[in-house]
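Taken in sequence, the protein lines are chains A and B.
So the mapping is simple: the working numbering equals the position in the first sequence, first residue as 1, plus 18.
So the mapping is simple: the working numbering equals the position in the second sequence, first residue as 1, plus 32.
In case anyone wonders, no lab produced these hints; they're calculated from the structure.
Positions of the beta carbon are idealized from the N, C-alpha and C atoms, including for glycine.
Some hints could be false.
[Said to hold, decoys possible] Computed footprint of chain B on chain A; a stretch qualifies when at least three of its residues, placed anywhere within it, have a C-beta under 8 Å from a C-beta of chain B:
1. 85–96
2. 295–306
3. 339–348
4. 388–394
5. 407–416
6. 472–478
7. 564–577
[Unchecked claim] Anything over 10 Å on all C-beta distances counts as not near chain A; from chain B, calculated:
8. P89
9. D91
10. V133
11. G143
12. H147
13. G153
14. R154
15. G171
16. L194
17. R212
18. E238
19. A242
20. R244
21. W246
22. Q249
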Amino acid sequence: MGDADGGHPMSGPAPTSFWRRYVFSTDHKVIAKQYLFTGVAMAFVGGLLAYVFRSQLAWPGEPVPGWGPVGLDEYNALVTLHGMIMVFWVAMPVLVAGFGNLLIPLMVGTDDMAFPRLNMLSFWIFFLSTLLVVASFFAPGGPPGTGWTLYPPLSTSGMPGAWGVDVLVLAVALEFAAFLMGGINFLTTAINKRARGMGMWDLPLFVWEEIIASIVFMLSVGPLIAGALMLLADRHFGTGFYDPRAGGDPLLFQHLFWFFGHPEVYVLLLPALGIVAEIFCAGARKTLFGYRTIVWATIVAGLLSFIVWAHHQFVAGIDPRLAAPFSLTTILISVPFSITIFALIATLWGGSIRFSLPLAWAVAMVAEFLLGGVTGIVNGSAAADIYVHDSYFVVAHFHYTLVPIALFAPLAGFYFWFPKMTGRMLDARLGLLHLVATVVFFNVTFLPQFALGMMGMHRRIANPAAFEFLREGMPLQELSTVGVIGLLVSQAPFVVNLVWSWLRGPVAGANPWRATTLDWQCPSPPPHGNFEREVVVRRGPYVYSPPGSAEDFVPQDAPDAERAGGGAVPSPLVQPAE
Amino acid sequence: MPHHLPEVASTFAPAIDGHIALIYVVCGVWLAAAEIALFWALFRYRRGASPRAAWMPADGARQAAWVLVPAAAVLGFDLFIEWDSARVWAHVKERTPRGNVEVRMTARQFGFDFHYPGPDGRLGTTDDVASRELRVPAGRIVRLEMESADVVHAFYVPELRLKQDIVPGRRIAAWFEPTRPGRYTIACAELCGVAHSLMQAPLLVEPVEAWRRWATQTGAIR
Ligand code: HEM
Ligand SMILES: [Cu+2]
Ligand SMILES: [Cu+2]
Chain A
19 MGDADGGHPM SGPAPTSFWR RYVFSTDHKV IAKQYLFTGV AMAFVGGLLA
69 YVFRSQLAWP GEPVPGWGPV GLDEYNALVT LHGMIMVFWV AMPVLVAGFG
119 NLLIPLMVGT DDMAFPRLNM LSFWIFFLST LLVVASFFAP GGPPGTGWTL
169 YPPLSTSGMP GAWGVDVLVL AVALEFAAFL MGGINFLTTA INKRARGMGM
219 WDLPLFVWEE IIASIVFMLS VGPLIAGALM LLADRHFGTG FYDPRAGGDP
269 LLFQHLFWFF GHPEVYVLLL PALGIVAEIF CAGARKTLFG YRTIVWATIV
319 AGLLSFIVWA HHQFVAGIDP RLAAPFSLTT ILISVPFSIT IFALIATLWG
369 GSIRFSLPLA WAVAMVAEFL LGGVTGIVNG SAAADIYVHD SYFVVAHFHY
419 TLVPIALFAP LAGFYFWFPK MTGRMLDARL GLLHLVATVV FFNVTFLPQF
469 ALGMMGMHRR IANPAAFEFL REGMPLQELS TVGVIGLLVS QAPFVVNLVW
519 SWLRGPVAGA NPWRATTLDW QCPSPPPHGN FEREVVVRRG PYVYSPPGSA
569 EDFVPQDAPD AERAGGGAVP SPLVQPAE
Chain B
33 MPHHLPEVAS TFAPAIDGHI ALIYVVCGVW LAAAEIALFW ALFRYRRGAS
83 PRAAWMPADG ARQAAWVLVP AAAVLGFDLF IEWDSARVWA HVKERTPRGN
133 VEVRMTARQF GFDFHYPGPD GRLGTTDDVA SRELRVPAGR IVRLEMESAD
183 VVHAFYVPEL RLKQDIVPGR RIAAWFEPTR PGRYTIACAE LCGVAHSLMQ
233 APLLVEPVEA WRRWATQTGA IR
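This is chain B alone, in the form it adopts within the complex:
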């Protein structure tokens, strides 16, 4: 499969890519082995080359071992993949660090609204500053507090390798540390109604200085 993932733009993206690559390698080898075994058997044991079938009910352990041992190997690889998965998952999703920048995001049919803490430095107060785009500094930890105003939406930025559903009635936290200044697209990845197909918002990652200039000018941060 000619795959290429979007160029990475967050600190944890390489870990996720690495994990996917690991699965590809392990599963690719198994897939190839199984396909080869299947087609080799078809070729090798065609009627012309094998006039009479062998008797292999495999109701004893000795014959059954031919499938049980590979299955045990599958188990081993499974546990290995799962171990790597748990490690990466915990890093991305379980330990949400405190952000250098904290933003509240509200998803609604069919857009995203962002709120910065404003002069008092606290989210959820009257002086919060609203924005239609998510502007963040490169190399700083961004913490999102996400809410939905109506149905289930999702925050998804391919280059960050981050996806998180936003469920009404909950405040769901997510974090990322962008690495590369640039303009990206936030897409909604959960079917949310008629215009789900179009629901998106810009993500702007800027060098720290430029970002700070914008943020203080607009009063987005203290």
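Isolated chain A, as found in the complex:
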């Protein structure tokens, strides 16, 4: 399967003009940075929206400093755009497109993506969608106050003149188009452009996770696109797909939405776990525990993710007899993921752990994600969901999954691969400050929300004080809002660190973490075309501290003769090319 073309520089001479190099570039590394920085910028937008609506929740009716009073419809729009932005304009571009673009060509030892121009197109369509999502807030007729779930009839006959809804749906559609192109590129690159000697089982776990995520994304997105088209048709062309008076059914959209929506969260989770795995192995100087087991478990999880969607609809009016089967599949999906998480923990077990910032962030990711994971069982159980559905317990749960996924894992990755991207190291003290403050304020923000949810607080309400049963929860509301302010302020050291280290940070060298995968076997930053010589892969991805060898790592492409200390690596490690 190893493609003989894999290592040849096909990317041509490096472009020289400023525009072609930094703006309309086809170089995967530049595109990766474009995605990453757009995503980070949007994270601040989404975070600031959260600050605004959380302030309204803690001090209902008071003008929010820096924003002003928050009206009821404005509140709905803020929540909607926060959710949309965080999922589609932060988590997707950063985890899937950003790290995927940066790492897949490097990790498979090739010069660029399979379709560099498509890649550029993908980014610029994405960029356009970013402008649109921001514009939707200011659209004539009103911003989209539908919730990120866009449920009709609220999103159709419920807000007919609100062009914000149309702009938002259009933005999402363009975003999907961009990521479909990205997915095609990822798959083709990983399958066809691997370096000579590299079989599928020599791919670093991160690449596997991106492959599976791309496939899951591509398979799940179709129904939602159809659903969105029908939504637009209902809004503008007088159709009644979701209108019971015209023979339609609002639940149809919910099914289509969640058929995509649930797999989507795994599309985000998988790359995050991949990042953690890379960092754990390098940090513990130990080979990944159960590499193939993890890959198979992930494939099973990917398949299962297609038959869990109705857990979002237990009490939505579907036939109650459907609840038990969907509850079962939902709870079962914890099995493959627990395999992955246990394997990650087992990777540290018996290691020789070097503490570093990326490792600390990766540990934080796993430690916090675990709480998100187990609380998912509460939502996934149909019986418990009767109470917690659409409550702040759910809000807290999915933030305990999504914030580790979309914030902690990318930051771990950022601290890890920043040297590769820029050739310089980030400052460790500022990084530690950033980590500790972020972890503390994250918990201050979201732990109270579990309690609020159990107290009975339901979602998407602008004024908890309007409900008798929520009055005693007001101190917790304030605590949570203090948390988000702290969380936002905690990002300051990161921004300072980023700018300062990029300009002044200590020079990193090609392989500062002494890691085995191919991304570390090229210069930092990699030149146009990435590798200086043709890459030939000789072994699996995580040969750390192999028995009978003095070194604690053997790069995937190191010729046997080059290995100091001698001693053959035991045969199962030298996986033959397939």
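Using the hints, position chain B with the ligands against chain A.
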């Protein structure tokens, strides 16, 4: 987490609370075990205490068992939780009993309207009696027939542990048996537009006698 759920006020609420507590215990133990394993590994195998990493690719069953066996245990607990869940779910949602009191509820932007059967004892006839609050007797089964006039809403009363979306185009049934007289809040738990944030209605649970007096005086029931 300092949790306290609102004091229960329906017959099935304790079953739901019990089920949630069961999940808490099972998942709490797993969470603690996983966190301890994670941080213990970090401490025990720090570079100073463990100068060289072991070689554990776990590509054979013997090593992989270290994760497969716990994962099989997870499976076992999952099935146990699911079994309990299905039991409670079926009780609350699948077998809707006939009500001692039947009320039709219409949700609309942004309120709830209730209709009692009226003198003929049948819902959906011209003599139905309208009410802006849901008044029900304690210790009797209340059956709701719910409809929406516009968008998706939900019927939600925390103390009853009952939540049910109301979808336009369907008549959705729900039931509960209130146990404790008192005044509660029905809230809409599904985003339904501008004033979703405020959408609520009172639920009044009264002792049977008091309720019957009200119901016959107003002609809400036969
Ligand atoms: C800066 C930290 C964050 C805070 C304080 C925050 C807070 C909140 C709160 C309080 C809600 C519920 C609002 C309501 O129901 O009225 C919410 C909704 C949501 N959040 Fe966040 N969040 C944060 C970060 C994130 C991240 C990183 C993601 C995902 C990657 C995310 C995804 C969502 C989604 C999908 C919703 C649902 C929106 C909806 O109900 O339509 N949030 N957030
Ligand atoms: Cu889901
Ligand atoms: Cu509502």
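Ascending list of hint numbers which this structure does not respect: When the structure is compared with the hints, numbers 8, 9, 16 turn out to be violated.
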